[in-house]
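Asks: Whenever a hint applies, use it, and build me the whole structure from the sequences.
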Amino acid sequence: MPTPIHLDYLDRLEAEAIHILREVAGQFERPALLFSGGKDSIALTRLAEKAFRPGKFPFPLVHVDTGHNFEEVIAFRDKLAAQLGEKLIVRKVEDTIRERGLREPGGKYPSRNPLQTYTLLDVIEEFEFDACIGGARRDEEKARAKERIFSVRDEFGQWDPRRQRPELWNIYNGRIQKGENVRVFPISNWTELDVWNYIQRENIELPEIYFSHERECVVLPSGQLLGLSEHLHLDETDEIVSRRVRFRTVGDSTCTAAVESDATTIDDIIQDILVAKVSERGATRLDDNLSETGMEDRKRNGYF
Amino acid sequence: MDLLRFITCGSVDDGKSTLIGRLLYDSDSVSLDVLATLEKKRNATNGDAVDLALLTDGLKAEREQGITIDVAHKYFTTPRRKFIITDAPGHVQYTRNMVTGASNADLAIVLVDARQGVIEQTRRHTLLASLLGIRHFVLAVNKLDLVGYDEQIFNKIVADYQAIADYLKINNVVAIPMSALNGDNVVRPSKHLAWYSGPSLLAHLESVPAAADANPHEPRFQVQYVIRPQTEALPDYRGYAGRIQSGVYRVGDRVRILPSGLETVLKAIEVGQKEVTLAEAPQAVVLHLRDDIDVSRGDSIVPVSGHPSVVRELEATLCWMDERPLRAGRKLLVQHHSAVVKASVTAILQKTNIETYESMGTDEAKLNDIVRVRLKTAIPLVADEYRQNRQTGAFILVDDQTGATLAAGLVTATDPEYFTQEVPVEPAFSI
Ligand SMILES: Nc1nc2c(ncn2[C@@H]2O[C@H](COP(=O)(O)OP(=O)(O)O)[C@@H](O)[C@H]2O)c(=O)[nH]1
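Those protein sequence lines, which keep their order, are chains S and L. Just so it is clear: in the first sequence, position 6 is 6 by UniProt numbering, and no numbers are missing. Just so it is clear: in the second sequence, position 411 is 411 by UniProt numbering, and no numbers are missing.
Since the hints were made in silico from the structure, they are not lab data. Any given hint could turn out to be false.
Unchecked claim - Pairs of lysine to any residue residues, derived as SDA-like cross-links and limited to a Cα-Cα distance of at most 25 angstroms, are as follows:
{"id": "1", "chain 1": "L", "residue 1": "Lys267", "chain 2": "S", "residue 2": "Asp11"}
{"id": "2", "chain 1": "L", "residue 1": "Lys342", "chain 2": "S", "residue 2": "Gly174"}
{"id": "3", "chain 1": "S", "residue 1": "Lys56", "chain 2": "L", "residue 2": "Gln230"}
{"id": "4", "chain 1": "S", "residue 1": "Lys56", "chain 2": "L", "residue 2": "Arg290"}
{"id": "5", "chain 1": "S", "residue 1": "Lys146", "chain 2": "L", "residue 2": "Phe76"}
{"id": "6", "chain 1": "L", "residue 1": "Lys376", "chain 2": "L", "residue 2": "Pro259"}
{"id": "7", "chain 1": "S", "residue 1": "Lys178", "chain 2": "L", "residue 2": "Lys342"}
{"id": "8", "chain 1": "L", "residue 1": "Lys191", "chain 2": "L", "residue 2": "Ala203"}
{"id": "9", "chain 1": "S", "residue 1": "Lys79", "chain 2": "S", "residue 2": "Val123"}
{"id": "10", "chain 1": "S", "residue 1": "Lys146", "chain 2": "L", "residue 2": "Leu131"}
Replies: As structure tokens, then:
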């Protein structure tokens, strides 16, 4: 029997994500949506609109701010939260560093990404969040390929790959004991390209840094480009160039490389991706390359 | 472009990881930096070849032990389809992972080593995949290079497998000879297999009807969340948000709310804040009812005719997934999608030997056992039989203390007339 509506793969991924978001709303008392200002979390807010409008989101947006973010991203974050009319909670890594007496990362390109974990755990404790929704995708990295959609963490935020709950059909078990919380990944089954196709289809606005622009960059020994910022500790050996670049992920500006590109529209970006074939993390995240199991180690320790 | 979800099953060393690696590699789905990591390993492991298996073996522990222990997901896209691969482990102690992977798959690739042919594991994987309701099977006869690409050997394996498929009433088996290592017939046809005229594996995966192809079920919808803005602009808005589990809903349909049994009419359907006249599975929608009646999370909104059963006692097949065995009398929770009810296992009726397919009496279910049980629930459950509906016939059992997922459950009978007759072991106590 032919079906009356043709649903394509994006419709199916969208329906799955909305279903997951509504399960969070139905199962938890104090959920939160972790919002980074990046394209994946922006796409999540669109999905949340589809899941809950004309009602309000049943969760606030929470941003763990490394303090190393690009200004454009922070401005965009505030604008989007205002447009949505939803509550935005911001907690800063630098406050955590001060309160906990942690050491600022050193080196020429000091990344605060590893310290985000502390701030995240603190904000979870402060608001007693029982579920945190995030925009991670399984195709990002091979340790993530085994992550559940509802991922139970202990009070230290730790993830134990051997103790994961089996996740059957599309039945999501979010039952937890005191102290535990759940990380929820509604777009687990999306790839980078799927997200871009969705952004295009839904006409979703993004921060300017995703599109080609002229920027002063430092050339790293690997040949990768880092956007110039006050957070880098440069010396005279560093080569500074001006290039047309865009960013494929946004986050800590000290460890998020820029790629040379003339892509000024989403169409251009999709073309770039189809041609480029360098996976997103490999191309732009400097910290995962440190060790082959970098992501897995950080996940065990409660990293998102 | 549509979407196909498939699971790969095979025993250790049949070449499952190599096969998935080959699919990704030959369909140009491996990114340059991942390739570079593989290149680095080239000399250390396999002499000269790139070890394609490294593309799928994700976790440290697995790398250390050299086996795949959990369910991993891989994605690739061709101009015709997006594919989601679920890679589940083969060992018998990971039956639960295989069941987990199969629960979401539209198609199963059952891998066989041409030198060994059909073995016990093949029987086990095929039973589990068919139990979980997968309708399309690919018998991938791998390592044909090691048997001289012999057609006779292939034919013999196909015949052996067909006997299993016939027994399990699987009528969609496509057998494909291949060498994952050399890339014969995985993505590209091979000159070594000139005697084979069928499609390569990828060609078949691209053309097999996807999940989307048919949606023959009765309409089913369960409420996940009630949207009530209660603002000045929208004082009376009340929408029932949920996913259409099966079938098609149209504005104007007469519907019944279950378990309460109240009847009303579908006044409006919204998809992504737009009103539509009809919607179908698996769309996420908001339904509006003509009458102001009490409906909450977990309730079902279904047609007045052909509605699911509303029961407090049912029979189900379980795949037990907990270390601690299940015994009759155990109290736990049934999570039936968005409905959670207290329940008790009143009897364990029989256990299926997943290699010989024989049933025998038992009084407990151990980790990875497939058993038939009878359940009683504290409040009514709105369910169909699993073989009628893979959505509304599925549930999980949850430990009410720890929250752990204890079992996958498939509703086998809701009508006492069809319950298993002899109860070989008396329940210790019942609710
Ligand atoms: N000759 C040959 N060897 C293969 C073939 N497929 C896999 N292998 C080898 O069989 C071994 C096990 O393969 P692997 O993919 O790790 O198996 P898995 O345990 O099923 O994932 C490896 O040494 C592979 O190189 C094939 O088609 N022909």
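Asks: All hints are to be evaluated individually against the structure, with a verdict given for each.
Replies: Taking the hints in turn, this is what the structure says about them:
no.	hint	in the structure
1	L:Lys267 x S:Asp11	holds, 24 angstroms
2	L:Lys342 x S:Gly174	holds, 16 angstroms
3	S:Lys56 x L:Gln230	holds, 10 angstroms
4	S:Lys56 x L:Arg290	holds, 23 angstroms
5	S:Lys146 x L:Phe76	holds, 16 angstroms
6	L:Lys376 x L:Pro259	holds, 16 angstroms
7	S:Lys178 x L:Lys342	holds, 20 angstroms
8	L:Lys191 x L:Ala203	holds, 16 angstroms
9	S:Lys79 x S:Val123	holds, 22 angstroms
10	S:Lys146 x L:Leu131	holds, 24 angstroms
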